[in-house]
Each structure stands twice: as structure tokens, then as C-alpha cells.
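Student: Here is how the chains run, residue by residue.
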Amino acid sequence: MGELAFGLKRGEVVALVGPSGCGKTTLLRIVSGLDRDFQGSVQLPAAGRLGMVFQEPRLLAWRTVEQNVRLAASHARDDELAALFEMLELTAHRNHYPGELSLGLARRVALARAFAVDPDLLLLDEPFVSLDAALALRLREELAQLVDRYSIMTLLVTHNLDEAIGLADRLLFLSASPARILAEFPVASPRAMLAPEQAAALRAEIARRLTL
Amino acid sequence: MGWRLISLGLLIVAWSAGSHFAGDRLLPGPQAVSLALLDEARSGALAFNLAATLARVAAAFVIAMALGSAIGLTMGRSRLANRLADPWLIVLLNLPALVIIVLAYIWAGLTETAAVAAVALNKLPIATVTVREGARSLDTGLDEMAKVFQMRIWVRLRHIVLPQLAPYLAAAARSGLSLVWKIVLIVELLGRPNGVGFEIGVAFQLFDVTRILAYALAFIAVMLALETVLVQPLERHIARWRPGSA
Chain A
1 MGELAFGLKR GEVVALVGPS GCGKTTLLRI VSGLDRDFQG SVQLPAAGRL
51 GMVFQEPRLL AWRTVEQNVR LAASHARDDE LAALFEMLEL TAHRNHYPGE
101 LSLGLARRVA LARAFAVDPD LLLLDEPFVS LDAALALRLR EELAQLVDRY
151 SIMTLLVTHN LDEAIGLADR LLFLSASPAR ILAEFPVASP RAMLAPEQAA
201 ALRAEIARRL TL
Chain B
1 MGWRLISLGL LIVAWSAGSH FAGDRLLPGP QAVSLALLDE ARSGALAFNL
51 AATLARVAAA FVIAMALGSA IGLTMGRSRL ANRLADPWLI VLLNLPALVI
101 IVLAYIWAGL TETAAVAAVA LNKLPIATVT VREGARSLDT GLDEMAKVFQ
151 MRIWVRLRHI VLPQLAPYLA AAARSGLSLV WKIVLIVELL GRPNGVGFEI
201 GVAFQLFDVT RILAYALAFI AVMLALETVL VQPLERHIAR WRPGSA
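Which chain is which? The protein sequence lines are A and B, in order. The opening position of the first sequence corresponds to residue 1 in this note's numbering, with each subsequent residue numbered one higher. The opening position of the second sequence corresponds to residue 1 in this note's numbering, with each subsequent residue numbered one higher.
Among the clues, some could well be false.
[Claimed, not checked] Restricting the straight-line Cα-Cα distance to at most 20 Å, the calculated cross-link-like pairs of lysine to any residue (SDA-like) are:
| # | chain 1 | residue 1 | chain 2 | residue 2 |
| --- | --- | --- | --- | --- |
| 1 | B | Lys182 | A | Gln43 |
| 2 | B | Lys147 | A | Leu121 |
| 3 | B | Lys147 | A | Ser74 |
| 4 | A | Lys9 | A | Asp118 |
| 5 | B | Lys147 | B | Thr74 |
| 6 | A | Lys9 | A | Ser177 |
| 7 | B | Lys182 | A | Arg49 |
| 8 | B | Lys147 | A | Tyr150 |
| 9 | B | Lys182 | B | Lys147 |
| 10 | B | Lys147 | A | Asp148 |
| 11 | B | Lys147 | A | Leu71 |
| 12 | B | Lys182 | A | Thr26 |
| 13 | B | Lys182 | A | Gly48 |
| 14 | B | Lys182 | B | Val155 |
| 15 | B | Lys147 | A | Glu56 |
| 16 | A | Lys9 | A | Gly48 |
| 17 | B | Lys147 | B | Arg136 |
| 18 | B | Lys182 | B | Val62 |
| 19 | B | Lys182 | A | Gln67 |
| 20 | B | Lys182 | B | Leu50 |
| 21 | B | Lys147 | A | Gln198 |
| 22 | A | Lys9 | A | Ala61 |
| 23 | B | Lys182 | A | Glu56 |
| 24 | B | Lys182 | B | Ala171 |
| 25 | B | Lys147 | A | Ala46 |
| 26 | B | Lys147 | A | Lys9 |
| 27 | B | Lys182 | A | Pro45 |
| 28 | B | Lys147 | A | Ala61 |
| 29 | B | Lys147 | B | Val129 |
| 30 | B | Lys147 | A | Gly48 |
Just so you know, these hints were derived from the structure itself, not from any lab.
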């Protein structure tokens, strides 16, 4: 990875977009404190409580869906959890074990776990990779709703431009390794409010500027 | 179940036949052994000796499992700890049980402590090696997840580490129990004034095969009971989350 610097505002969703292998995941690991072998500094928001969705769901196979969420979020209130499960359509699966769930459902549980801790910073590492397109789109819309509702500072890593445009307030494009920031695009009216024509125009502008 | 009963019946028939050919002195039949067993039970000696042996088994087993798990987990997680402790482990693994027992009795006297310690020390390296294998196969992804979500150490131990170690702990417990049983008998034979091993030693001096078989039978019965009442339900409980385990 090369030299790079960026910051996030309160309640802002930033998407890091770049080719595979450019170090996006490493960047998230540095921010989350899992990787300490780097030069530089990371400043987390005040309380520093993190929520993270990894590329794989990383659930405890021997605990139920609800236990998986509660173990991470021991302070979560019952009604908050119930609302979260309702939004992610997990209510019927609260007492199931992860082995009984499809990959799409397991990813929802991972999302529920990350939101349940009421994080100061939410880290999403390709949260919908290896899902079929329709399911990924649905989950993306649900995630957009959650992000809007909870207004959480979020750092999303993805190689999927649609996903980035559909979720973020701001896009940061990384170059191939060693990664540096190539370009930055604000998304005018982010998430669900973005009309298809606007999204297409943004895509066109990105394509024009990045091929220079 | 039916086939197992038939097999057991065949064993008893073979025993009777063998007793018929070898003579009562070398191999007493099932009936004579049962009568001797009843005699011992009536006098209270059977219960007393079984209880003494069971108490030693339990103490040695608990000590060896607790220490072995702690050491195994540390060695599996830390390369330095593994390098430092591995040669000790190899020495202990290859030290004959009899040597440990005799040395324990010489150094600590013919005491209960020496007996239990000797048995625990025999079982310790095997438990350690098994748990170390488990600790090496712990999922680092889950470990990272726990770190990011700032889970407390005891939450991690109980909900993340222990469930992953469960099959290894079960294997260590199972193999350990049968090993501890056998070594406890030798320890009793060599330096204790009671217990199944002591009784078998006395019977050996008198060439009393009936009594040897009577105690062996009682012993097997207790082990089977432990297996069905304790070990199997525990394993089922631990494996309840696995699909198709019901």
C-alpha cells in the first residue's frame, strides 16, 4: 500500500473503491486495529466502538442467531434488537443456528450484529460478495435504510461501483497496488433517493475522469 | 441393541465352556464369580474398595484434565511457550507409567497424594497434546471478530474458544478416563491399603482367580455406567448445534 490519508465526517458513509488486491481489506484491518504492522496513525471517533461486517459472516456456528448478536452487543435493548431483526427479516430465525441459514441470511445476521453494537464507526468489507445479483441488491437496499436510520459513520470497501454509488455519500477511488487515492466523488443525493439517471450520469463522469 | 445382547450372551457361553475345560481353579465359571461378587457386596468390601478407587480416579482425572487443558491451550497459542515446554512434554510422554509411580512413592512416601499425583502425571502429557492440537486449529477469523467487537476475555473463552475445543476435550477425556482407570489399579497394587487394585493384588498372592474376576466385573460395570450416564449425554449436549445431531 502507498501513502494515503482521508477522514470521515459524522454520519457520513464513505466507499473505498478499487481493484482487487490493491489493499482495501488491509486498510480496513488497519482501521479496525487488527493489523498493527504499518506506519501512520488512525484516529477513531470518541468512544471508538466498532461494528464490522467481514467478507465472510464469521458467526459462531454453536450459538443461535440471537446469541451471536447478543454476545457482541451485550448492552443492546430488547426492543432495539427486535426492531433490527424485523428490518432484516430475521425475526423467524432468532433461534436458528447459523448452519441452518443460507449465505444471504447469514450475512444479514452479520449486519444485525454490527448494527446492534450501536457503533461509532461501522466497517463493511465487501459485505455482499459472492451473493447473486438480485439478493445483493435487496440487501444493499436494506443496508441503505439501516445506514440512514441509524446515521452511523461508515467505511465501506468494495470493488462494485453500483454498490458504492447505492450506499455512499462520498466515493474514494484507490489505484492498483501500491494504493493511493486517485479521485474523490461526492454522491449528490445518496442511497435510495438517487434516481437511476443521476446514478448513470455519475457513472459516466467517473468513467471519464478515471480513464484520463 | 439386539445384536449386542446376543454377542454378550455368546461371551458368557464361551466363558462357561472355557471354565469347563480349564477347571474351576484356573477359570471359575460365571456362576462362581457372581456368587463371589455377591459375597463381597454383602460384606461391604466391594462398595468400599470401588469407592476408594473411584475417588482416586476422579481426583487424578480432574487434576490432569485441568492442568493439561491450560498447558495445551497456552502451547497451542504461543509459539514460545510451545518451544519451551515441548521437550518436557516429550520426556513425560515417553516416561513409563511404572517409573513415575515408583519415583512418586519413593519421593513422597506411600501417601494418597503421591498416588493421585503419579496417576495425574501419567495422564497429563496426553491431555496436553490433544488440547494443543485443538488450540492450533482455532479459527483466527472468529478471534478477529471477537477483537473488533471488543468481547471480554471470559466471553471469548466460554463462547468462542471452548466450543471449538470441545471435540478435543471430549477425546482427551475419553482416552484419559480409560488410561486413568488402569493406572490407578497399578498405583493401588503397589502402595495403597485399599481399592480394587489392592484387592486384586491380595487375590493374586492367594491365586484366587474367582475374586480377581469378581472385582474386574464390578469394575467394568461401573465404567459402562459412567460412560452411559455421564460421557455420552455430555457429548450429545455439546454437539447439539451440529446439523443432524438430534
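Student: If a hint holds in the structure, say so; if it doesn't, say that too.
Tutor: Verification of the hints:
1. B:Lys182 <-> A:Gln43: Outside the cut-off at roughly 60 Å; violated.
2. B:Lys147 <-> A:Leu121: holds (15 Å)
3. B:Lys147 <-> A:Ser74: holds (15 Å)
4. A:Lys9 <-> A:Asp118: Roughly 17 Å between the alpha carbons, so the hint for lysine 9 of chain A and aspartate 118 of chain A holds.
5. B:Lys147 <-> B:Thr74: The hint holds at about 18 Å.
6. A:Lys9 <-> A:Ser177: violated (26 Å)
7. B:Lys182 <-> A:Arg49: violated (53 Å)
8. B:Lys147 <-> A:Tyr150: violated (23 Å)
9. B:Lys182 <-> B:Lys147: violated (43 Å)
10. B:Lys147 <-> A:Asp148: violated (27 Å)
11. B:Lys147 <-> A:Leu71: holds (12 Å)
12. B:Lys182 <-> A:Thr26: violated (54 Å)
13. B:Lys182 <-> A:Gly48: violated (55 Å)
14. B:Lys182 <-> B:Val155: violated (37 Å)
15. B:Lys147 <-> A:Glu56: holds (16 Å)
16. A:Lys9 <-> A:Gly48: holds (14 Å)
17. B:Lys147 <-> B:Arg136: Satisfied, since the Cα-Cα distance of roughly 18 Å is no more than 20 Å.
18. B:Lys182 <-> B:Val62: Distance of about 16 Å is within 20 Å: holds.
19. B:Lys182 <-> A:Gln67: At roughly 42 Å apart (the allowed maximum being 20 Å), glutamine 67 of chain A and lysine 182 of chain B break the hint.
20. B:Lys182 <-> B:Leu50: holds (13 Å)
21. B:Lys147 <-> A:Gln198: violated (40 Å)
22. A:Lys9 <-> A:Ala61: Judged against 20 Å, a Cα distance of about 36 Å means the pair is violated.
23. B:Lys182 <-> A:Glu56: Given that 20 Å is the threshold and the Cα spacing comes to 47 Å, the pair is violated.
24. B:Lys182 <-> B:Ala171: holds (17 Å)
25. B:Lys147 <-> A:Ala46: holds (18 Å)
26. B:Lys147 <-> A:Lys9: violated (25 Å)
27. B:Lys182 <-> A:Pro45: Answer violated: lysine 182 of chain B to proline 45 of chain A is near 61 Å, above 20 Å.
28. B:Lys147 <-> A:Ala61: Answer holds: lysine 147 of chain B to alanine 61 of chain A is near 18 Å, not above 20 Å.
29. B:Lys147 <-> B:Val129: violated (27 Å)
30. B:Lys147 <-> A:Gly48: Distance of about 13 Å is within 20 Å: holds.
Violated hints, in rising order: 1, 6, 7, 8, 9, 10, 12, 13, 14, 19, 21, 22, 23, 26, 27, 29; the structure is consistent with all others.
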